[in-house]
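**Q** FYI, in the working numbering the residues of the sequence shown are 1 to 404.
FYI, nobody ran anything at the bench for these hints, they're computed from the structure. Honestly, I wouldn't trust all of these hints.
Restricting the straight-line Cα-Cα distance to at most 25 Å, the calculated cross-link-like pairs of lysine to aspartate or glutamate (DMTMM-like) are [claimed, not checked]: (1) K36 with D239; (2) K367 with E303; (3) K115 with D270; (4) K101 with D270; (5) K101 with E59.
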Amino acid sequence: MRTTRRQLLGKLQAAAVCGVIPQWAQAAAGAAGAKKRLLVVVFLRGGIDGLNLVVPHGEAEYPKLRPGLALARPGRKDGVLDLDGFFGLHPQAAALVPHFKAKNAVAIHAVGHDKNTRSHFEEQDLWETSVLENEVATDGWLNRHLASVQGEGPLRAVALSNALPRLLRGPVPALAIRGLRDVTGRGKDTTGAMRRALESDAGRANELWITQARATLDLLEELRAVEAHRIPTRIDYPDSYLAGRLKAVSRLTRAGIGLEVATIDLGGWDTHQSQGGAGGTYGRKVKELSEGIDAFLRDFEGELDDIMVLTLSEFGRTAFENGTGGTDHGWGNVVLSFGGGLQPSAPVLGDWPGLGPQQLHKRRELKITTDFRDVIGEVLASHLGNPQAARVLCRPGLRPVGFL
């Protein structure tokens with residue numbers, strides 16, 4: 001497809017806004033930084049139904065739009081767990097209620113962006129690169145953040161997944177592993193053989209490649225040491241996919257190897273049919289999400305000022321249920337944030353647009369009133385201390401959300 005002059009100018013402008021950050025700027029940002037904090041991003045792939053996670057039970061239109069999926073009001077059997085008289089949590093999210101009461105949790109509703117295509121692949125790319133206007137950026141905003149600040153230690157970024165998500169792709173090395181045993185199970189003999197083969201080629205191979213390969217082998221040996229020492233967690237984690245990966249993040253964090261960011265993918269949220277209300281497929285996923293995050297927060301009790309868990313999802317679902325007991329790809333959604341540094345004025349933030357026919361986007365889905373980049377920008381600036389958040393996210397003029 002031919003690129004127009006206007007599109008080309010837009011690409012060049014975006015490149016100038018979020019281009020490579022100079023080394024002197026990196027040094028200045030690193031010198032100004034304090035103790036490194038941890039950010040864990042849990043990406044809920046498939047498009048979670050935010051309206052049944054953080055439920056507007058005080059909204060008169062809610063049960064009308066969802067006669068089969070609407071959750072009962074607070075106080076009734078399998079009812080919503082009230083947060084503020086208008087919003088509440090899905091009954092399977094009971095593990096999160098104490099964290100909301102302690103103000104270590106906040107929900108931001110009606111989040112997204114106005115170029116939403118409702119395509120899983122396109123929207124996941126947009127949420128992970130944060131670049132909406134052009135195709136310049138193929139690296140993730142989380143990697144761009146790491147490139148803009150100085151870090152120490154052999155492992156700054158890890159993805160607890162089969163492959164490195166776009167969120168962590170870029171110039172700063174990041175590792176994708178399913179768990180500690182995924183790396184350490186290869187054995188010392190294998191690592192030693194790889195190192196001997198590497199050194200035998202040191203005089204013939206590209207110097208940069210040799211340096212990177214040595215760093216990778218050093219990292220593998222660091223991870224083997226973490227697993228060998230069986231660094232314990234402070235609490236027992238549930239036996240679930242998410243909890244197992246959060247447990248690995250806990251052990252890596254306590255190993256002191258410089259971990260700053262971690263990502264975890266949790267799929268199964270594309271609930272077009274048989275979604276279920278208080279129970280069912282969706283309810284089981286909510287329970288896994290809630291109990292996993294609860295365990296991680298309890299594991300770091302007393303240290304939560306340096307910890308944040310952030311949930312993201314590529315889009316919301318339709319406000320009304322469909323003919324197969326599910327919901328379809330929608331517009332605005334909810335973002336959850338957990339940690340000890342939160343300062344929310346209420347358990348649920350954001351300008352609530354309402355669910356009335358004239359209030360819905362295209363009369364079918366929740367309107368967007370908060371840009372997702374403003375939420376992420378507040379995390380980068382206030383939690384991770386990055387003064388270049390706007391440049392990292394390619395969004396001049398970030399607007400405060402007010403939860404940090």
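**Q** For every hint, state whether the structure bears it out.
**A** These are the hints, each one checked on the structure:
This hinted pair does not check out: K36 and D239 have alpha carbons roughly 29 Å apart, beyond 25 Å. As the CA atoms of K367 and E303 are separated by approximately 36 Å, the hinted pair breaks the 25 Å bound. At most 25 Å may separate the alpha-carbon atoms for a hinted pair to count; K115 and D270 meet this at roughly 20 Å. Among the hinted pairs, K101 with D270 is inconsistent with the structure: their alpha-carbon atoms are about 30 Å apart, more than 25 Å.
Between K101 and E59 the CA atoms are separated by roughly 22 Å; this keeps the pair inside 25 Å, and the hint holds.
The structure is inconsistent with the numbered hints 1, 2, 4, although it conforms to all the rest.
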